[in-house]
Amino acid sequence: MNFLYLILCILLGYLLGSIPFALVIGKVFYKTDIRQYGSGNLGGTNAGRVLGRNAGISVIACDILKVVLAMGLASLIDGSCSIWCGVACCIGHCYPIFAHFKGGKAVSTMFGFLVSLWFFTFHDISYALVPLGMFLIILFIFKYVSLASICASIASCMYISARVLSLALNPIFIVLASWIMMFLIIYRHRSNIQKIMNATENKISWL
94 MNFLYLILCI
104 LLGYLLGSIP
114 FALVIGKVFY
124 KTDIRQYGSG
134 NLGGTNAGRV
144 LGRNAGISVI
154 ACDILKVVLA
164 MGLASLIDGS
174 CSIWCGVACC
184 IGHCYPIFAH
194 FKGGKAVSTM
204 FGFLVSLWFF
214 TFHDISYALV
224 PLGMFLIILF
234 IFKYVSLASI
244 CASIASCMYI
254 SARVLSLALN
264 PIFIVLASWI
274 MMFLIIYRHR
284 SNIQKIMNAT
294 ENKISWL
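For the sequence shown, the positions run 94 to 300 when the working numbering is used.
Simulated from the structure, these hints should not be mistaken for lab results. Check before you lean on any hint, since a few could be wrong.
[To be verified] In the BS3-like style, the derived pairs of lysine-lysine whose C-alpha atoms are separated by at most 25 Å in a straight line are:
hint, residue 1, residue 2
1, K195, K296
2, K236, K296
3, K120, K195
4, K288, K195
5, K124, K195
6, K288, K236
Please read these numbers as outputs of a predicted model, since none were measured by experiment.
Turn these sequences into a full structure, and let the hints steer you where they fit.
Structure below.
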C-alpha cells in the first residue's frame with residue numbers, strides 16, 4: 094500500500110463524505126434547512142421526517158452513492174486504499190467540513206460501504222444483504238431506525254469478521270475497518286440509545 098495513495102484516498106473519501114446531501118436537497122428543492130427541524134440531523138431519516146418520503150429516499154440514495162463513488166475511484170488506485178477511503182467517507186458524513194462538522198449518523202454511508210465491498214472487493218452480495226436483512230427485520234418489529242441501524246452495523250461487523258477469518262483472507266484491515274464502522278455508528282446513536290431506554294425515541298412513520 095503506497096502511503097501517498099493512502100493519504101490521497103482518505104482525503105478524497107472525507108471530502109466526498111462531507112457533501113451534506115440532506116442540506117443540499119432540503120435547501121434547493123424545499124427551501125428548508127432541515128438542521129432547524131426534527132432532530133436537526135443531516136441524514137435520510139430526518140430528511141424523510143421533515144420533508145417527506147421522497148426527500149428521505151433521495152438523501153439516502155445520494156449518501157449511499159457518494160461512498161460507492163469514493164471507493165470506486167479509490168479502487169482504481171489500490172484496493173486496500175479503497176477500504177480506508179470508505180471509512181473516511183463515513184467519517185466525513187458524520188463530521189462534514191462543508192456543514193460545520195455537524196452531519197449524519199453514518200447509516201446510509203455504512204450501506205454504501207457494504208455495497209462497495211460487494212462490487213469492488215468480495216464480489217459477493219451477501220456482504221450487503223445480511224446487514225440489510227437485519228436492518229429491515231428490526232425496523233419492522235420495533236419501528237426504530239436507530240435500533241435497526243445499530244443492529245445492522247453489528248451484524249455487518251460480525252459477518253465480515255467471520256467470513257474473512259474463516260476464508261483465511263489476508264486483508265485483516267477489512268475487519269478492522271468494519272469494527273471502526275460499527276463503533277462509529279453506535280457512538281453516533283448514543284443519544285438514541287438513551288431515548289430508547291427512556292421510551293422517548295421517535296418511531297418511523299414515513300416509510
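Here is what the structure says about each hint:
For the suggested pair K195 and K296, the alpha carbons sit about 23 Å apart, so the restraint of at most 25 Å is met. For the suggested pair K236 and K296, the alpha carbons sit about 5 Å apart, so the restraint of at most 25 Å is met. The straight-line distance between the Cα atoms of K120 and K195 is roughly 16 Å, inside the 25 Å bound, and the hint therefore holds. With a C-alpha separation of about 20 Å, the suggested pair K288 and K195 falls inside the 25 Å cut-off, and the hint holds.
For the proposed pair K124 and K195, the alpha carbon gap of about 20 Å is at most 25 Å, so the pair holds. For the suggested pair K288 and K236, the alpha carbons sit about 14 Å apart, so the restraint of at most 25 Å is met.
Of the numbered hints stated above, none is contradicted by the structure.
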